[in-house]
Each structure stands twice: as C-alpha cells, then as structure tokens.
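Participant: Now for the letters of each chain:
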Amino acid sequence: MDGNQHLLADRTPGVEEHESTASVLSYTVGVGLAIVATIASFVVAQTNLLWGPGIPVGLIVLALAQIGVHLVFFLHLGSGPDDTNNILALAFGVLVVFLVIAGSIWIIANLNGNMMPMSMH
Amino acid sequence: MTVTAVEARPREFARERRGGPAPTRVVVAYGFWIFILSDIVMFSALFAAYAVLSGNTAGGPTGAELFNLRNVFLMTMFLLLSSYTCGLGMLSAEQRKGDRFRVFAAFTFVLGAAFLFLEISEFAGMIGKGAGPSRSAFLSAFFTLVGMHGAHVTAGLLWLVYMTAQVIAKGLRPAVLRRLLCFSLFWHALDIVWIGVMTLVYLMGVQ
Chain U
1 MDGNQHLLAD RTPGVEEHES TASVLSYTVG VGLAIVATIA SFVVAQTNLL WGPGIPVGLI
61 VLALAQIGVH LVFFLHLGSG PDDTNNILAL AFGVLVVFLV IAGSIWIIAN LNGNMMPMSM
121 H
Chain W
1 MTVTAVEARP REFARERRGG PAPTRVVVAY GFWIFILSDI VMFSALFAAY AVLSGNTAGG
61 PTGAELFNLR NVFLMTMFLL LSSYTCGLGM LSAEQRKGDR FRVFAAFTFV LGAAFLFLEI
121 SEFAGMIGKG AGPSRSAFLS AFFTLVGMHG AHVTAGLLWL VYMTAQVIAK GLRPAVLRRL
181 LCFSLFWHAL DIVWIGVMTL VYLMGVQ
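Heads up: the protein sequence lines correspond to chains U and W, in order. Numbering follows the working numbering, in which position 101 of the first sequence is assigned residue number 101; successive positions increment by one, without gaps. Numbering follows the working numbering, in which position 102 of the second sequence is assigned residue number 102; successive positions increment by one, without gaps.
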C-alpha cells in the first residue's frame, strides 16, 4: 500500500501529477518577511519614527506589503497560466472590498457633516 | 543550464495542456478561492462598520484605554507561525510524509489554540471591566469584527482536527490532499484578515 498505487487508482482524466510550486524555502522567506513587516508596524505605531499624522498611512502601507507577502509566499499566487482566474477573482474581490469600505466611510462622513448640531456635543 | 532545462519542463507541460480540462486540483482551489474572497467581502462590511463607529464611544472607554499591544503582538506571532507550520504540513502531505504532516498539524493546532486563548481572555477582561459589546457602538463593532475572526479561527481548528483524522483514516490520497489544500488556503486567508484587524483596530486604535 504505497501512495503511488492510491494515486493511480484515483486517477480520472482531469487529475494529473502535480508539480508543487511551494517549497520550505518560500514559506521560510515568507514568514521572515511577514515577521519583519509586523515588527515594523508595531514600532511605527508606538514610536515617533514617523511624523505623527503620517503614522496611519505608514501602517496601511506596511499592512498592504504584508498582505502581498502572504499572497505570494503562502497562497502561492503567481503569474502562471493556472493562476490567471485566481488573480482575476482577487482583483474583483479587492474592488468590492474597496467600494464597501471606502464608500461607507465616505457616505457616513458626509451624513455626519450634514447632521443638525446637537446639544449633546 | 541543466537547472533551467529541468525547470522549464513543467511550464511546457502546462502550455501543452491549454485547451484541455484543467486538473481537478486547480478547479477545486479556484472554487474555494471564490468562497474565500466572498468571505473577505463579508469581513469588509464588518471593517466598514468598525471604521464608521470606532469614534462613537458614548462616554465609555476608548481603544487606547482598552487595548494591550503586547498581547496583540503575541497573538499576531502565534497566528503567523501557525500559518508557517500549516504551509510546511501541507508540503509534507504533498510529499506523502504522513508522520511529518501530523507533527506540523499538531504545531498548527497548538499555535492557533494559543491565539484563541489570548483572544478569549482579552474579551473576558474587557467584559469584566464593564466594556462589553453593549457598552457603546464602538465596542459592538469591535466585538463583532474581532469575534467573527475568532469564530473563523475556531472553525479552522475544528476543521484541522477533522482533516488530521481523515489523513490517519484514509491516507494521503488525492481527494484528501485537495481537502487539505482548501484548509491551508482558509488558514492563510484568516492570517490576511488578521493583518487588517491588527492594523485598523489595534495599531490605529491606540493612536
């Protein structure tokens, strides 16, 4: 009962031997870069390394960089032919996420600006 | 020269396949990727609610008073390292090394459980201080967003136990490997959502 017999028994026309693009090296590089980005985020948030009003921008840039590292080194999104559909779906997902978050913040900020002044404030 | 020749072979193979049916593995991963993206769209609504409500503390405690960044840093590291061990476990499963897979699955479970333990004790501490989800709109949004992520981690841990049992009972055959692939995609995606939580909720919340 070795693994290869299993493999042959389960073979259907759509199933073929899979060449993994992942490696211990790529996971290790990925986790190293992610740890560096995380530490950088915490340092930026708690020190005066960045100019005060620029801290949120710096944090967002670091978060996006870390998300990129995760997508490439952990989820193995690449430019190969098998990944085209995945990348297109991701692009659409990013568009929807952007519309929901940016749209909500924009609309509610606008509503707040047009509120009648309340005595509580 | 020989190295590039060896590397070129799978790519040529992929090009030849164009026009034929895609391998089951690619189709399954694509379908699960669509699910993950829709899950992330759901999270984006919770992120939007938090971003809109984070200032509405109703005279209650603010994020800067409640959040403990040391705790958050530890949680981030636990989740990140569990993603790493999950990836290494996936790699050992693909190489049909069942023993190594079980070791990495155990590491992944312990690190994920440590993350969850810190999160639950943080929630319990906040509720004990009277800063529960009913205190203010800010805290309702906080508990919904972070709690939803925690619920996903809990589901992931149950799934990991179930998958390990499948590997032991059925062996590392292609169908089990595809389920493992879906689990690893899910677990890595949870880490991506956590980067958003860590940055938007905690690091910006203490500014």
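Please keep in mind that the hints were generated in silico from the structure rather than gathered at the bench. Heads up, a few of these hints could be off.
[What the hints assert, rightly or not] Listed next, with one range per pair, are the computed distances between beta-carbon atoms:
#1 U:Leu111 to W:Gln166: 45 to 55 angstroms
#2 U:Ile108 to W:Gln95: 34 to 44 angstroms
#3 U:Gly78 to W:Ala58: 16 to 26 angstroms
#4 U:Asp82 to W:Lys129: 42 to 52 angstroms
#5 W:Met42 to U:Ile108: 13 to 23 angstroms
#6 U:Val36 to W:Lys129: 30 to 40 angstroms
#7 W:Gln95 to U:Gly78: 34 to 44 angstroms
#8 W:Ala58 to U:Leu25: 27 to 37 angstroms
The structure presented is a predicted model; accordingly, all values stated were derived computationally and were not measured. Cβ coordinates follow ideal geometry from the N, Cα and C atoms, glycine included.
Participant: Now tell me if each hint is right for this structure.
Facilitator: Now for the hints, and whether the structure bears them out:
Judged by the Cβ atoms, the range 45 to 55 angstroms given for Leu111 of chain U and Gln166 of chain W holds: they are separated by roughly 50 angstroms. About 51 angstroms separates the C-beta atoms of Ile108 of chain U and Gln95 of chain W, a value inconsistent with the hinted range of 34 to 44 angstroms. Under the hint 16 to 26 angstroms, the C-beta atoms of Gly78 of chain U and Ala58 of chain W, about 48 angstroms apart, miss the expected range. The hinted window of 42 to 52 angstroms between Asp82 of chain U and Lys129 of chain W holds, with their beta carbons roughly 51 angstroms apart.
Between Met42 of chain W and Ile108 of chain U the C-beta distance comes to about 19 angstroms, which sits within the given range of 13 to 23 angstroms. Separation of Val36 of chain U from Lys129 of chain W is about 34 angstroms and conforms to the stated range, judged on CB atoms against 30 to 40 angstroms. Our hint of 34 to 44 angstroms for Gln95 of chain W and Gly78 of chain U is violated, since their Cβ atoms are close to 20 angstroms apart. Taken as a hint, the range 27 to 37 angstroms is violated for the pair Ala58 of chain W and Leu25 of chain U, whose Cβ atoms sit roughly 51 angstroms apart.
Hint check: violations occur at hints 2, 3, 7, 8; the rest are consistent with the structure.
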